[in-house]
Amino acid sequence: MTITNDILLAMNGITKTFPGVIALETVDFSLKRGEIHALVGENGAGKSTLIKILTGVEHPDSGTIEYDGKLIQVRSPQYSQEIGISTVYQEVNLCTNISVAENIMLGYEPHRFGSIDKKKMNAFATQALKKLDVQIDVTQPLGNYSVAIQQMVAIARSLEIASAKILILDEPTSSLDVHEAGRLFEVMLKLKSEGIGIIFITHFIDQVYQVSDRITVLRNGKLVGTYATASLPRVELIAKMLGRTITDLDQVSKAKLTGEKVESRESMLEAKGLGLAGALDAFDLELNANEVVGIAGLLGSGRTEMANLLFGIDTPDTGSLKVKGKKIDRFSPLESLENGIALCPEDRKDEGVVGDLTIRENIILALQARYGWFKYISIQKQNEITQKYIQLLGITTPSSEQLVKNLSGGNQQKVILARWLATNPQVLILDEPTRGIDVGAKAEIQRLVLKLAEEGKSIAFISSELEEVMRISHRIVVLRDRKKVAEFPGDVNDQTIIQTMAGNS
Amino acid sequence: MKNQIPLLKRIRESRLFWPLVALFLILLTDAIFAPGFFKMGILEGHLYGNLVDVFNNSAPLMLVALGMTLVIATGGVDLSVGAVIAISAAMGAVLINPALGYKLITNDILTKDITNTPLWLIVVADLAAGTLCGLWNGFLVSRGKIQPMVATLILMVAGRGIAQLITNGQIMTIYYTPYFYFGNGFIFGLPVAIYIVAIVFVIASILVRKTSIGLFIESVGINAKSTYYSGISEKNVKLFAYVFCGFCSAIAGLILSSYVHSADGNNNGLNYELDAILAVVIGGTLMRGGRFSLLASVIGALIIWTFTITMYTFGVPANALLAGRAVLVLVVILLYSDYARRLLNKIFERKGSQHGTAI
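Those protein sequences? They're chains W and Y, same order as listed.
Counting from 0, one number per residue, gives the positions in the first sequence under numbering that gives the first Met the number 0.
Counting from 0, one number per residue, gives the positions in the second sequence under numbering that gives the first Met the number 0.
Among the hints, erroneous ones may be present.
Said to hold, decoys possible - As a list, the in silico SDA-like pairs of lysine to any residue whose alpha-carbon atoms are at most 20 Å apart:
hint, chain 1, residue 1, chain 2, residue 2
1, Y, K224, W, D349
2, Y, K234, W, S331
3, Y, K224, W, L333
4, W, K380, Y, T210
5, Y, K224, W, D313
6, W, K271, W, E334
7, Y, K224, W, S331
8, Y, K234, W, L333
9, Y, K209, W, S377
10, W, K374, Y, R287
11, W, K348, Y, A223
12, W, K117, W, T138
13, W, K404, Y, T210
14, W, K380, Y, I205
15, W, K374, Y, V201
16, Y, K224, W, T16
17, W, K321, W, K404
18, Y, K234, W, T314
19, Y, K224, W, D355
20, W, K51, W, I97
21, W, K404, Y, R287
22, W, K271, W, K325
23, W, K325, W, G272
24, Y, K224, W, E334
25, Y, K234, W, E334
26, W, K387, W, K450
27, W, K348, W, T16
28, Y, K8, W, L402
29, Y, K224, W, E304
30, W, K374, Y, I205
31, Y, K224, W, L402
These are computed hints drawn from the structure, not numbers from a lab.
Computed from a predicted model, the values in this text were never measured in an experiment.
All chains should be built: construct the whole structure from the sequences, respecting the hints.
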C-alpha cells in the first residue's frame with residue numbers, strides 16, 4: 000500500500016468541443032480518497048460534460064484521466080462502472096415497479112437451483128441498506144418509497160454491486176426536503192470516512208458549505224479554480240461562479256449611459272403581486288420603454304420562472320399583469336405575442352429553434368402565428384423579412400434556406416431574436432441570450448440589446464453572468480430562493496448585488 | 000456557376016426520388032417478366048387493364064395515406080383509420096337501407112334498388128361520422144395528452160364495434176345503384192375514385208402549401224415546444240391533422256363500401272392503418288414527424304398496390320401475398336436506413352466524380 004498516494008482521481012487538461020461550442024477547455028480536476036468534493040458552476044459551465052467524460056458517456060478531445068495511480072481511458076459507461084465509478088442522478092434511474100431488493104441486485108441476483116434465490120437476495124439487500132442506516136421492507140416495489148429512499152437504494156446498489164470507489168451525486172438534493180437532505184449528508188459523511196471519494200454537484204451554496212471539503216468552480220467551460228471549503232468565503236465563491244472578482248470595478252459601458260439620459264419612461268409592462276405557488280413568490284415589476292432591466296440570481300433562484308410568468312407560459316395564481324395599462328386575463332404565448340411581448344427562452348434547443356426547419360421558416364414562425372392559419376405570408380415577403388434580419392443581426396449563413404440546426408449557437412440565438420423582432424414586440428424578455436456562445440457573438444448581442452432599448456423597446460435581460468447584467472442594465476432586479484429580493488439602479492456596486500444574491504444583506 | 004449543387008444530386012435528394020425509383024423498378028420487373036401487365040383496352044367506353052386497376056384499387060389507400068401523412072408529420076400516428084372506414088361504410092349502408100323508418104321490414108323491401116335518404120345526405124353523414132372520429136382522436140391526443148398510438152388504439156378497437164352496432168351486427172348488402180358510382184363509376188373513361196383522390200389531393204396540397212398549416216404541422220412535428228413558445232397553438236395543429244385524417248378515412252370508407260356493395264363492420268378497411276403507415280414511410284416521411292410530402296405518400300400507396308397486382312399477375316397465391324409484402328417492407332426499411340443511405344450516396348458520389356473528370 001502506498002501511503003503517499005491519497006489522490007484517487009486526477010483529470011488533467013480535459014478539453015471537449017461540440018460543434019460550435021467549447022464545452023470544456025483544459026480543465027483539471029482531482030479527487031482524494033475520503034473526500035467530498037463539490038463541483039459548482041452555473042448552467043453551461045461544463046459540470047455535466049466533465050461528469051460525462053468521467054463516466055464514459057462522452058470522450059475528451061484531449062487530456063488524461065488518472066485513476067488509482069493508473070492512466071485510464073474511459074471507453075464506455077459500463078467500463079466506468081466496472082472500475083468503480085458510480086453516478087446517482089437527480090432523477091433516480093431505477094425501475095420503480097420492481098422491488099427494492101430486485102433493484103439493488105438487478106443483474107447480480109443470487110441463484111439457487113437455477114432460479115433466483117429470493118430469500119438470499121432480500122437478506123443481502125436489507126443488509127446493504129442497513130449499512131446506510133435505512134431500514135425498509137425490501138420486498139416492496141421501489142415506487143412505494145420517497146425519492147430520498149430511492150436515492151439511498153441507488154447508492155446502496157452503487158456500493159454493493161459496483162463496489163464503487165468514486166460516487167458521483169448529481170444534484171441529489173434538488174427534490175429532497177431539509178430533513179431528507181440532512182439524512183443524505185449523514186450517509187455521505189459515513190461513506191467519506193470509509194475512504195470513498197464523493198463528487199457532489201449542487202447549486203445549493205448552503206449545502207456546499209455543509210458537507211464539502213473542497214470546491215471546484217467551473218465557468219463557461221473553464222476551470223476557475225479548486226479551493227478548500229474552509230478558506231473560501233461564501234461571497235467569494237459566488238463571485239467566482241459569476242465571473243466577477245470582488246475588487247473588479249469596471250465601468251458601465253457608454254451605450255448604457257446614453258440610454259440613461261432619457262428622462263420620462265413610458266410604462267410598458269406592469270406586474271403587481273404576480274406569483275405562482277411552487278414557482279415564484281408574488282413580485283412587483285415594472286418594465287419601461289427605452290430601458291434594459293437586468294434580472295440576476297443564482298441558478299434555481301426563479302429567473303426562468305419569472306420569464307415564463309411574464310410571457311404566459313405559466314399561468315400565475317396570484318396578482319395581475321398589465322401591458323400598457325391593459326390587464327391581461329388569458330395567459331398563453333399567443334396572447335403575449337398579440338400584446339407585443341416576446342420571449343427568447345433559456346433552452347435554445349428545446350424551446351427556441353425548430354432545428355429541421357430553415358432559417359426563413361424559423362424567422363417567420365411567430366409572425367405567421369400572429370397572422371393565423373390562413374393568412375399565409377407570401378414566399379417573396381418571407382424572403383424579404385429573412386434577408387432583412389440576416390443583415391440586421393449579422394447572421395452568418397450561406398443561404399436563408401439553411402437548416403437552423405446546422406448553425407452555431409450564436410447564430411441560432413440571432414435567428415430566435417429575429418423571429419421575435421419580426422413581430423415588432425414592445426417588450427422583449429431575453430432569458431440567457433448569450434449562454435454557450437462565443438465572446439464575439441456575445442458582445443454583438445449585448446450591443447444589439449442596447450440598440451433595441453434605444454429604439455424604444457422595453458427589455459428584460461436575464462443572465463447568470465453578473466458582469467453582463469451590470470454592463471447593460473439600467474435597473475437590476477435580484478432574485479433569491481424563488482423570490483424577488485431587491486431592485487437596484489444600474490450603477491449599483493457589484494458587491495451589493497453579490498451580497499444580496501448570497502443572502503447576507 | 001450559379002447552381003452549386005449538381006442537378007443529379009438535387010434530383011437524388013428530392014423527396015420523390017426513392018419512391019419513384021421503387022415504383023420504376025416494380026414496373027420494370029413487370030415489363031420484363033409480364034409484358035401483359037401493361038395491356039390496356041377500352042371496354043364499354045372506359046379504359047381497363049392492370050394499370051387502371053392499380054389506380055382504382057389504391058384510391059382508398061391514397062386517401063387514407065394523405066390523412067395519415069399529416070398525422071405522422073405532427074409526430075403522431077392514427078391506428079383507427081381502418082375502423083373509421085368501417086364506421087363510414089356502415090353509416091352509408093344503414094342510411095341507404097330503404098326500410099329505414101319502417102316498422103315492418105320484409106326482404107322484399109331490403110333488396111330493392113331504392114332509398115329514402117337523399118344521396119347527398121348519405122355522403123354528408125358519412126363524412127361527418129369520419130370527421131367526428133377524427134375529432135375524438137384529436138382531442139385525446141392534443142387535449143388529453145395521451146400518446147397517439149394509445150389514443151387511436153381506443154377507436155381502432157371500439158370503432159369496429161361501433162360499426163357493428165350501426166349495422167346491428169349484420170353484414171349489410173347495398174342494392175342502391177347510384178351509390179355504386181363512387182367505387183365503380185367512370186368519368187371520361189376513368190374510374191370516379193381517381194377523380195375523388197385528385198380533388199382531395201389538390202385541396203390538401205393547397206391547404207398545406209398555400210396556408211401556414213403545412214409549416215405549422217412540420218414545426219410541431221420537429222419541435223412541439225419551440226412551436227408553442229412561438230405563439231402557435233400546437234394543440235389545434237394536432238387536432239386539425241387527426242380531423243383531416245378522419246375525414247379522408249371516411250371518404251375511403253365511402254368508396255370501399257360502394258366498391259364491394261356492402262358494409263361489414265369486421266372487414267371493411269381491415270389492415271388499412273398498417274398499409275397507410277407503410278405508404279407514408281415509403282414516401283419518406285419520418286415516423287418521428289417533421290418534413291412531409293403528400294405526393295410522395297400517394298406514390299407510396301401506388302407502390303403498395305402496383306406490387307400487389309404485380310404479384311397477382313405473376314400468379315402468386317393469395318395466401319402468399321402477405322409474405323411478399325413483408326419482403327417489400329423489408330426492402331423499404333433497409334433502403335431508408337442511414338447505413339444504406341450512406342452507402343448509396345458513396346456509390347453515387349464516386350460515379351459522379353468519375354463523370355466529372357470525364358468531362
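Which numbered hints turn out to be false for this structure?
10, 13, 16, 17, 20
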